[in-house]
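Enquirer: With these hints in hand, go ahead and build the complete structure from the sequences.
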Amino acid sequence: MDLENAYMGRILVADLNEGTCEEEELTEEMVNEHIGGAAINLALYKQHADRNPIVFGTGLLTGTFAPSSCAGVMTGKSPVSGRVCHVPLSWQTAVEIKYSGYDFVVVLGESEKPVRLWLHDELAELADAEEVWGQDVWQTTDKLRYEHGDDYVQLIGIGPAGEKGCRVAQISEGAWGSRDVFGMGFTLGARKLKAIAMRGLGSLEVADGFLDECLEVQQGLRKGAIFEKQGLLALLEDLGVSAADLEPIQQKVHRHSAAFNCAYAANTYLMIDEPPGLLEESKQDEPGLLLNDPAGVISLLFLKEGLPVVLREINRQGLDPVACGALLAKEGVSEAEEAVKRVKALAGEGVGLEDAGVENVYGLAPWPLSEALEARLIQAVSIFSHAVPLSPLGGGWADVSVGEDPAERAQWWLDRMAVSSILGICPIAALLSPEFGIEKMAELGAKAVDWDGLTEEALLKQARKLLAETHALGEAGGTVPSSWASADLDGALEKLRQGWEG
Amino acid sequence: MELSVESLKCIGCRICEYACNYHHDMDCSPNGASLMLHRAEKRDYFGMMVKREKDLLLARPEGPEVVPPGEQVEGAGASSKPILMRAPCDLCEDEDEPFCVKACPTGCLSMVES
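The listed protein sequences derive, respectively, from chains A and B. So for the first sequence, our numbering puts the first residue at 1; every next one is plus one. So for the second sequence, our numbering puts the first residue at 503; every next one is plus one.
Calculated directly from the structure, the hints in this document are not laboratory data. By construction, the Cβ of each residue, glycine as well, lies at the ideal position given by its N, Cα and C atoms.
A short, non-exhaustive set of chain B residues, derived as facing chain A with CB atoms under 7 Å:
#	residue
1	Ile513
2	Tyr524
3	Asp546
4	Tyr547
5	Ser581
Expert: Given below as structure tokens:
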């Protein structure tokens, strides 16, 4: 196995109680047993379980030439579901973790004072964060990038919501939100960890022929119908949102952006304070915001033209937009100005959705739009973030050879999420193209590190093991709303879980 | 033939930087690439910079700008300066097609007649 083609070979253990950073080796034995990403995260979580750890990890293919290899994963106990969960990291953050010199970062315990972790070129430092404690996500991002003298420093951090103990506080990736629906912003805030910043000039070796094979896969992906368009709004249309509902924000679209090495630009910038057709650099510092969360946007569509302004505030406060959308709808708040005030107040209230009387499953707001049983199954499982769409994109279930059985559909999604979180492939890309299935991902992984044992069967086995072992750490707490409760749901859940043990 | 950059097709995925670096250094990183993405993230302003033999091409969204050596560029921050120290683009002279053109998923980068 050529590990230097995939990993830097380092695990960082940051102890917030002691204020120390220590390195451990990422061994070939660990990779052989767990492959990478969420699976190694979980092994590290269990190793340090008595210290309430959170683990930030990269996949086997994160940061390589493999298409859509932008992803990483954060593993920890969610304050809202009460169980261990795996949150996808995307944009540029996971790649920068690896290139800063570390494949996995384990954070233990709690700090007495606000701190931040700075990773750069195989060096790690826990530094004081008093200067940025209390600042919103955008202010924090600007300040830390300025301090480190580099606009390309990437950050995973929290805003005031996480600092103040709001249970629907979300981790942020740079200035933008993330796909965290598990309240992991609360988890960082509770241990006074304001941010992890990273920047590095690392590099990976490359197997002969790997680049060519990756480019061939990328060209195949681009033949899918959805690639005739770009952007988050095209994804939302694919999910069934009407053009009429999207029109108020469609008018503000500026440009579309992709995460690292992604052929589909799944992020769309909306101009709020400048004309959307502006091509020159704006003289304003913050003329708009980047949409990167399909579920969050759908949750807020009822705000119509007010959506961008409200979502901007949600981003700044470091809140989960899905939860905010559910709350605002429940309270009948639809005017932008009032919604912004409510969002600011929510960030400081330290409450969960139950306090606001929002019906939810296991403490989580339901995925908007879908009442399909497979969607409810996925949310009831509560292991991977349901901010990622819950069905194939750019095609239907028939295109991925999955029938009508809800448990089979839920398992298809769970398998895709598990495999993509182990390899470091963008979870949205894992839904986008039938051609980029688990077999093809396994082929690329095997080629990358010269590992004959990394077959589709081995990858799927690791995925099911990840599900079983995460589930074994504890069921999600909470109750199923009466509108959801059914023998069908219980029976299908049991069928799923038996499949993981098989 | 020369490298053309259609800036509005760029989606900022950065695979071109990594592919270019692979041509120079045979590893996976952006550090030795002859081109580099400039991004002012919160303003959604981004485009490629290409170090050429005799100048620097800034493929701005509003239109290209060619900068002779030594000239100051308005708005250039510390993060953009590393491009000045890179090897100039050689159009991957030993290859049938530049690696960046092969890797670009949108056709932003292409080869055109000079």
